[in-house]
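S.K.: Protein chains in written order, with my numbering: chain A, 1 to 369; chain B, 1 to 300.
Just so you know, not all the hints are guaranteed correct.
What the hints assert, rightly or not - Looking from chain A toward chain B, a few residues come up when the C-beta cut is under 8 Å (computed):
1. E2
2. F3
3. L67
4. R271
5. R272
6. A276
7. A283
8. L284
9. V309
10. V355
11. L364
In short, the hints are calculated from the structure, not lab data.
Note that the structure is a prediction, hence the values are computed from the model and not measured.
Using N, Cα and C, we set each Cβ at its ideal position, and we do this for glycine too.
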Amino acid sequence: MEFALDSQTQIVEDRARRFAREVLAPRANELDRTGAGVDEQLRAVHAAGLFELLIDRDEGGLGVEPLLFVRAIRALASGCPSTALCLCLHAVSAATLLVAARPDQRRKVIDGIRHDGAVCAVAVSEPRTGANPNAPETLAVRSGDGYLLSGVKSFVTNARWASFVLVAAVHEDLPGVSHFLVEPFSTPGFEVCRDWSGFGMRATGSDRVVLDRCRVAGDAVLGEPGKSAQVTRSRGPVTPLGQAAVSLGAAENAVSRLAELDLLAPETPARREVRARLAAASALLDRAAIHAARPSPATQRAVPEAKLVCDTAAIRIADLADEIARSAGIFGDPTLDRCRRDVRAGAVMTLNAEVCRDNIARSLLGMGK
Amino acid sequence: MDCQLTPGQRRFVDAARIEAERVLPIVAALDAGGLELASELRRVRQAVPAPMSALELVLAVEQLARASASLATAFWLVDVAGRFGPKQIELAAVEGLRRLLNGGLGGPDIAVRPAGATAVVTVLSSPIGPAFGVAERPSASGDSVHELSGLRGLRLTVTMSVEPDIPAVWPVGDAQRWARLAHAAVCVGVAQRALDEACQHLVDRVKMPENQPLSTFQGLRFMVADVDAAVEGARWPLYAAAAALDQVGDGVGDAVWLATTAVQLATTTALQIAGGTGFSPDKPFERLARDAWALVALSG
Chain A
1 MEFALDSQTQ IVEDRARRFA REVLAPRANE LDRTGAGVDE QLRAVHAAGL
51 FELLIDRDEG GLGVEPLLFV RAIRALASGC PSTALCLCLH AVSAATLLVA
101 ARPDQRRKVI DGIRHDGAVC AVAVSEPRTG ANPNAPETLA VRSGDGYLLS
151 GVKSFVTNAR WASFVLVAAV HEDLPGVSHF LVEPFSTPGF EVCRDWSGFG
201 MRATGSDRVV LDRCRVAGDA VLGEPGKSAQ VTRSRGPVTP LGQAAVSLGA
251 AENAVSRLAE LDLLAPETPA RREVRARLAA ASALLDRAAI HAARPSPATQ
301 RAVPEAKLVC DTAAIRIADL ADEIARSAGI FGDPTLDRCR RDVRAGAVMT
351 LNAEVCRDNI ARSLLGMGK
Chain B
1 MDCQLTPGQR RFVDAARIEA ERVLPIVAAL DAGGLELASE LRRVRQAVPA
51 PMSALELVLA VEQLARASAS LATAFWLVDV AGRFGPKQIE LAAVEGLRRL
101 LNGGLGGPDI AVRPAGATAV VTVLSSPIGP AFGVAERPSA SGDSVHELSG
151 LRGLRLTVTM SVEPDIPAVW PVGDAQRWAR LAHAAVCVGV AQRALDEACQ
201 HLVDRVKMPE NQPLSTFQGL RFMVADVDAA VEGARWPLYA AAAALDQVGD
251 GVGDAVWLAT TAVQLATTTA LQIAGGTGFS PDKPFERLAR DAWALVALSG
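Isolated chain A, as found in the complex (with noise of 0.2 Å):
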């Protein structure tokens, strides 16, 4: 076992953890309180080169393990967490979306990336079904040599600004599930319909899509129509630990600031609880995060195990870190009311806390799933 980081990993997140400070953390309340969402953020992360993570090296991008990846998105999440939430679901739906595209698609889905800050998103949750990727309601129709698209889509982030959407359908005539590149700007009945006003993460945009006969030609169709394992699970544990590191970066969030307030001492069992917890879930989520690089057995309970403490970790470390501002006479304050919401966010995402346990559970007993 060895616990230091390398080099490289340190050097992006020092550059990351003060781009947070310096450039995300100003406006992170700002933007929670008004629900404006987060592209101009993510234009600034575009232009301090942190934008194409995922991307491979030879097409580009920074290509980072995942190791690196988390650590560079809980450094984000702990100035603005809707931001690297938006950047995490960003790199996923990019490099999800990269695994089956045609080289012509690739071409284009990096070189704006690249050049003009492009983003993408996932359409996958449906109001009815959930996040389950396997059983959309949104139903593909053959018309003439493309497709029509029906349905709704929720929680879509990034869906105002995005580029490039990844939109799961099943179709009329076919069994299975399809993954179709849109791009919403040119693509009439995409209708984004910015009701977005969460709890928590409310600078995100994750609005609710209607599709509307949504026409996009034959070949949007990602890989062979009514296949879509070879997308999803492309996806792999990524998401997951990308999402339990903006948790973890969320609570950290709340630490610096009791930082600020000069309420991190002395030592009380709030404050050592809430070292320890963070000591934890940081432990555990680079521990995922080496895994998932090499995937093996151990893998398949790492990940719901890191996501499941990075979840409830934060959860409880932003409920003391309330506690312990409030016990020094201070109310309400924004950052941490903030961070209080946005942490709640990871817990109910996918690979909820719910079956984060059930995996868990179940490797634990040797059952299947």
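Since the structure of chain A is provided, determine the placement of chain B on it from the hints.
M.R.: Structure of chain B alone, referenced to chain A:
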């Protein structure tokens, strides 16, 4: 960063695991006083290589604690005493257990000593401080003596002294950090054993009259999942703190807090999952719970 054991670290884990498996059938007898801990400890120390680092000690202790918290505690006490104090302290080092862990807290004077030892007080100090020594004092008539219900294999009693007279020269710095990490490793080992036993119980037992395995109940599965998260969340910071101790000495307090929290959750959850059978000495659940309480009490 890498989470795989090196071949050298694997050697400690394997050797300690073999010893733990050997000891497992006699753990109940050790706990009940039917066997002498010291002789078992000697065999274990012959079989497990002397740890060269805090991480190696932690790895070995954790494995031993899966079988016996008492044996694992004795193992690290002797190791730490030998490393930072006089070799001849041996098992009498349990005398200073609480002070070793807490570095001489204020408040009532509390000594932990093996039964039968007549008020021996072990004094350890930093290798660069005053000379090591073993001071003795007779039991004061006003002392109240309590036998711990956990860690029974160590035959510990806790003496609340009316007249604190133990010299305040107790290990600080490295000795205390090593001791606290090793103590946390015992907690993690006990917690892991409790989790393993709880899982086995869920697999083995059925609910009648449907003949349905307990493992099919999601409520029970969630309980073991939470324990697993706590145990893993304690284990990795412990390893990281032990590895860092060899360099800068960081994270020890967090590791102890996480380990004691995990062992409490694991043993009480396991006891609950086991139901009535958990109360029987035929099963390990009640012993693990008693050991956990003693470990937590000694953690300060």
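S.K.: All hints, please: hold or fail.
M.R.: Hints, verified against the model:
no., hint, in the structure
1, E2, "holds (4 Å)"
2, F3, "holds (5 Å)"
3, L67, "holds (6 Å)"
4, R271, "violated (11 Å)"
5, R272, "holds (6 Å)"
6, A276, "holds (4 Å)"
7, A283, "holds (4 Å)"
8, L284, "holds (6 Å)"
9, V309, "holds (5 Å)"
10, V355, "violated (10 Å)"
11, L364, "holds (5 Å)"
In this structure, the earlier hints numbered 4 and 10 are contradicted, and the remaining ones agree with it.
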